[in-house]
Amino acid sequence: MKRHLLSTADLSREDALLILDTAEQLAQVSGRSIKKLPTLRGRTVVNLFFEDSTRTRISFEAAAKRLSADVINFSAKGSSVSKGESLKDTALTLQAMGADAVVIRHGASGAPHRLAAWVDGSVVNAGDGTHEHPTQALLDAFTMRRRLGELDGRRVTIVGDVLHSRVARSNVHLLHTLGAEVTLVAPPTLLPVAMDDWPCEVSYDFDAVLPKTDVVMMLRVQHERMNASYFPSAREYSRRYGLDPERMGRMPDGAIVMHPGPMNRGMEIAAEVADGERSTIVEQVTNGVTVRMAVLYLLLSGSEPAIGGNQ
Amino acid sequence: MIYLLRGARVLGGDPRDVLLRDGLVAEAGAPGEVDAPGATRVDADGLIALPGLVDLHTHLREPGREDAETVESGTAAAALGGFTAVHAMANTSPVADTAGVVEQVWRLGQAAGHCDVQPVGAVTAGLAGRQLAELGAMADSAARVRVFSDDGVCVSDAVLMRRALEYVKAFDGVVAQHAQEPRLTEGAQMNEGAVSGRLGLTGWPAVAEEAIIARDCLLAAHVGSRLHVCHVSTAGSVEIIRWAKSKGWNVTAEVTPHHLLLTDARAESSPAGPYNPIYKVNPPLRTDADVQALREALADGTIDCVATDHAPHPVEDKETEWPAAAMGMIGLETALSVVQEAMVETGLLDWAGVADRMSARPARIGRLSGHGRPLEAGAPANLTLVDPSARSAVDPHGFASKSRNTPYVGMTLPGRVVATFLRGRPTVFEGKLT
Numbered sequence: 001m002k003r004h005l006l007s008t009a010d011l012s013r014e015d016a017l018l019i020l021d022t023a024e025q026l027a028q029v030s031g032r033s034i035k036k037l038p039t040l041r042g043r044t045v046v047n048l049f050f051e052d053s054t055r056t057r058i059s060f061e062a063a064a065k066r067l068s069a070d071v072i073n074f075s076a077k078g079s080s081v082s083k084g085e086s087l088k089d090t091a092l093t094l095q096a097m098g099a100d101a102v103v104i105r106h107g108a109s110g111a112p113h114r115l116a117a118w119v120d121g122s123v124v125n126a127g128d129g130t131h132e133h134p135t136q137a138l139l140d141a142f143t144m145r146r147r148l149g150e151l152d153g154r155r156v157t158i159v160g161d162v163l164h165s166r167v168a169r170s171n172v173h174l175l176h177t178l179g180a181e182v183t184l185v186a187p188p189t190l191l192p193v194a195m196d197d198w199p200c201e202v203s204y205d206f207d208a209v210l211p212k213t214d215v216v217m218m219l220r221v222q223h224e225r226m227n228a229s230y231f232p233s234a235r236e237y238s239r240r241y242g243l244d245p246e247r248m249g250r251m252p253d254g255a256i257v258m259h260p261g262p263m264n265r266g267m268e269i270a271a272e273v274a275d276g277e278r279s280t281i282v283e284q285v286t287n288g289v290t291v292r293m294a295v296l297y298l299l300l301s302g303s304e305p306a307i308g309g310n311q
Numbered sequence: 001m002i003y004l005l006r007g008a009r010v011l012g013g014d015p016r017d018v019l020l021r022d023g024l025v026a027e028a029g030a031p032g033e034v035d036a037p038g039a040t041r042v043d044a045d046g047l048i049a050l051p052g053l054v055d056l057h058t059h060l061r062e063p064g065r066e067d068a069e070t071v072e073s074g075t076a077a078a079a080l081g082g083f084t085a086v087h088a089m090a091n092t093s094p095v096a097d098t099a100g101v102v103e104q105v106w107r108l109g110q111a112a113g114h115c116d117v118q119p120v121g122a123v124t125a126g127l128a129g130r131q132l133a134e135l136g137a138m139a140d141s142a143a144r145v146r147v148f149s150d151d152g153v154c155v156s157d158a159v160l161m162r163r164a165l166e167y168v169k170a171f172d173g174v175v176a177q178h179a180q181e182p183r184l185t186e187g188a189q190m191n192e193g194a195v196s197g198r199l200g201l202t203g204w205p206a207v208a209e210e211a212i213i214a215r216d217c218l219l220a221a222h223v224g225s226r227l228h229v230c231h232v233s234t235a236g237s238v239e240i241i242r243w244a245k246s247k248g249w250n251v252t253a254e255v256t257p258h259h260l261l262l263t264d265a266r267a268e269s270s271p272a273g274p275y276n277p278i279y280k281v282n283p284p285l286r287t288d289a290d291v292q293a294l295r296e297a298l299a300d301g302t303i304d305c306v307a308t309d310h311a312p313h314p315v316e317d318k319e320t321e322w323p324a325a326a327m328g329m330i331g332l333e334t335a336l337s338v339v340q341e342a343m344v345e346t347g348l349l350d351w352a353g354v355a356d357r358m359s360a361r362p363a364r365i366g367r368l369s370g371h372g373r374p375l376e377a378g379a380p381a382n383l384t385l386v387d388p389s390a391r392s393a394v395d396p397h398g399f400a401s402k403s404r405n406t407p408y409v410g411m412t413l414p415g416r417v418v419a420t421f422l423r424g425r426p427t428v429f430e431g432k433l434t
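So the protein sequences, as listed, match chains A and B.
full-length UniProt numbering applies: residue 1 is where the first sequence begins, and numbers increase by one.
full-length UniProt numbering applies: residue 1 is where the second sequence begins, and numbers increase by one.
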């Protein structure tokens with residue numbers, strides 16, 4: 001039995017397809033004027049956010065509320081956490097309050113795995129350090145599937161700060177599971193040193209990969225990386241690894257552009273590209289709510305959760 | 001008190017009777033040949049007698065962190081592990097960087113009486129890496145400090161390291177370096193490699209250790225001094241030390257039990273689940289290839305000795321998310337079992353080799369004349385009796401250490417310390433503290 005969603009590596013192909021198919025059904029709800037289902041009435045979902053991420057938090061909040069769950073937002077700022085309470089004590093507090101699911105965003109890689117050992121409810125990883133962000137990858141896959149159909153054999157290029165990206169890790173696992181061919185593109189400084197066992201290709205040359213891709217996913221690159229000498233300047237990064245209209249012109253017809261947000265316009269992505277027809281960036285946000293509804297639904301409805309890692 | 005150990009296999013050899021009297025090994029001979037009226041007879045049939053183990057690298061935490069360990073509890077753990085002498089690391093609070101602090105630690109050891117406590121002095125004042133601590137005063141103190149280390153922090157400034165190496169020559173001291181290039185390891189959480197990449201934890205690259213070791217070997221050669229390398233963890237470090245020794249330079253090195261047995265795979269997959277910081281340690285657990293290289297280096301003598309780097313931490317400093325957890329693991333009570341598992345049962349070392357690497361050589365590096373001596377008539381009666389046929393699951397609740405952060409919990413390991421004698425007096429008898 002599986003209880004948590006900690007990593008996309010824990011998802012079988014059947015699990016992943018079940019989430020995407022469920023999301024497809026739930027998407028119809030989002031199109032209605034009354035966007036609410038009674039499915040999780042009486043269940044409590046806690047959003048436990050140790051990092052500021054309004055986008056992800058409100059997406060989970062909307063998802064839980066549309067399923068009629070009670071939602072408690074627990075922000076680390078202004079709480080006992082900022083007074084030095086440990087993650088374990090926070091977990092025990094939530095446990096005592098009867099949380100059925102805890103959605104956790106934390107700056108430490110692996111924090112959701114630790115939390116899962118201390119609570120009885122389901123744990124959903126909403127982004128842990130530089131490790132994973134499983135629901136982002138699921139919403140990305142959902143978005144690709146809606147635009148391009150099934151993902152088997154689709155070529156996906158993920159560009160940017162792979163070393164520090166939880167989005168990249170989750171996408172590599174999930175897309176591989178779904179049969180897509182993934183290529184990671186980054187300057188060598190922004191890739192892990194040992195990647196031989198990653199189920200993907202790696203390239204330093206964006207332009208060489210561009211003509212052979214169905215999806216280009218641009219990752220956010222923080223300006224601060226430049227101060228740690230990961231690259232010389234924002235301009236040089238942008239020239240070599242940014243997606244501008246000229247580069248986009250070399251993509252095959254029908255290829256799409258994705259970004260998990262928040263974007264640095266003018267850095268990794270030009271405004272014209274972000275706002276262009278090939279861009280799915282706004283759809284990704286919409287789909288985020290739908291996919292998170294599917295995850296919460298499958299973990300919490302019924303007596304036996306249907307997806308995720310059993311840890 | 002007089003003890004007659006009957007049928008003990010000294011260094012794993014044929015059974016002998018060993019008589020301990022007046023703090024010395026009085027006599028050793030074939031079974032039945034040693035006569036000792038009034039002696040307490042100890043049936044040592046099947047037990048191996050080793051010279052009392054000597055640890056060059058122990059964190060006793062006192063003064064300052066008595067919640068994690070005290071000299072009393074840490075030395076009790078040492079005795080139960082077969083040790084008769086431990087070197088107490090300097091990163092206490094206050095730091096052991098003055099004669100006053102090292103004498104305090106030394107006296108606490110004497111008062112506890114479980115084993116000899118030989119304080120290590122800090123190389124730099126406050127471990128701050130800016131100016132030398134009063135090394136001579138510590139050497140001349142009652143504690144007679146000979147090993148100096150900023151362990152936990154690397155003496156990364158090349159000039160300061162050079163001066164320290166030069167200065168300690170005046171009193172036959174040795175600088176024990178924690179080799180960690182600081183800029184290459186900012187925020188480092190675990191070995192940089194395939195596992196760190198997958199887990200998204202900041203890497204601690206092997207080169208950060210190897211670059212400092214190479215530099216320090218060259219410095220030690222240049223000024224003609226003694227260098228000791230703490231907790232060697234990589235295959236590359238082994239190669240550099242082997243090269244330095246081949247030049248005839250005065251370089252010695254230690255390896256911890258955990259680096260002989262565990263790898264970074266534990267961070268990803270273990271009975272305790274992924275990201276369990278019980279496996280977080282500095283230097284980090286490395287790869288299988290490193291473990292193999294370290295075992296071979298210990299076997300061929302490139303690495304001189306095993307040192308525990310016993311690092312107690314209270315529960316709350318380990319029951320956290322990985323990056324927030326303290327680095328280190330306890331090791332005194334499991335060291336000999338781990339060495340038996342990794343070195344003896346693999347055929348890499350015999351028991352004479354274990355005695356050399358865990359007693360004779362560390363005693364020589366630390367200049368402890370009363371320890372690490374062959375178990376022959378006239379030697380101080382510092383020894384331990386080990387049952388090599390015992391096997392048991394590691395249960396930290398039975399430990400004397402105040403802390404429980406052992407990475408071996410639940411693992412079945414061979415060997416059991418039955419008795420430990422410090423100058424003829426049992427500190428451990430029938431597996432229990434006396």
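Incorrect hints may have been included.
[Claimed, not checked] Quick look at which bits of chain A chain B covers, simulated, 3 or more residues with Cβ under 8 angstroms: (1) 85-96; (2) 108-114; (3) 130-137; (4) 194-202.
[Said to hold, decoys possible] One-sided and incomplete, this derived list gives chain A residues near chain B with beta-carbon spacing under 10 angstroms: (5) L6; (6) S7; (7) A117; (8) W118; (9) G153; (10) R155; (11) H164; (12) S165; (13) R166; (14) P188; (15) L191; (16) M226.
None of these hints come from the bench; they were simulated from the model.
Quick caveat: nothing in here was measured; it's all calculated off a predicted structure.
Don't be surprised by glycine CBs; every beta carbon is placed ideally from N, CA and C.
Verification of the supplied hints:
Only residues whose beta carbon comes within less than 8 angstroms of a beta carbon in chain B count, and the segment 85-96 of chain A has 3; three or more means the coverage holds. Counting residues of the segment 108-114 of chain A whose beta carbon lies closer than 8 angstroms to any beta carbon of chain B gives 6, which meets the minimum of three for the stated coverage. Look at the segment 130-137 of chain A against chain B: 3 of its residues bring a Cβ nearer than 8 angstroms to a Cβ of that chain, three or more, so the hint holds. Counting residues of the segment 194-202 of chain A whose beta carbon lies closer than 8 angstroms to any beta carbon of chain B gives 5, which reaches the threshold of three, so the coverage claim holds.
Contact between L6 of chain A and chain B, as hinted, is supported at the beta carbon level, the nearest pair being about 9 angstroms apart and thus within 10 angstroms. Hint status for S7 of chain A relative to chain B: holds, with the closest Cβ pair at about 9 angstroms, below 10 angstroms. Among the interface hints, the one on A117 of chain A holds; its C-beta lies about 6 angstroms from the nearest C-beta in chain B, closer than the 10 angstroms criterion. Annotation: W118 of chain A was flagged as interfacial toward chain B, and the flag holds, the nearest CB pair being 9 angstroms apart, inside 10 angstroms.
Because the closest C-beta pair between G153 of chain A and chain B is about 25 angstroms apart, greater than 10 angstroms, the hint is violated. A distance limit of 10 angstroms between C-beta atoms decides the matter here; for R155 of chain A the minimum to chain B is near 23 angstroms, and the interface restraint is violated. Because the beta carbon of H164 of chain A sits about 8 angstroms from the nearest beta carbon in chain B, less than 10 angstroms, this interface hint is met. For S165 of chain A, the suggested interface contact is upheld, since its CB lies about 9 angstroms from the closest CB of chain B, less than 10 angstroms.
A least Cβ separation of about 7 angstroms between R166 of chain A and chain B falls short of the 10 angstroms threshold, and the interface hint therefore holds. Residue-level restraint check for P188 of chain A is violated (minimum Cβ-Cβ distance to chain B is 13 angstroms; threshold 10 angstroms). This hint holds: L191 of chain A has a C-beta 8 angstroms from the nearest C-beta of chain B, less than the 10 angstroms allowed. Hint status for M226 of chain A relative to chain B: violated, with the closest Cβ pair at about 16 angstroms, above 10 angstroms.
Hint compliance for this structure: hints 9, 10, 14 and 16 are broken, all remaining hints hold.
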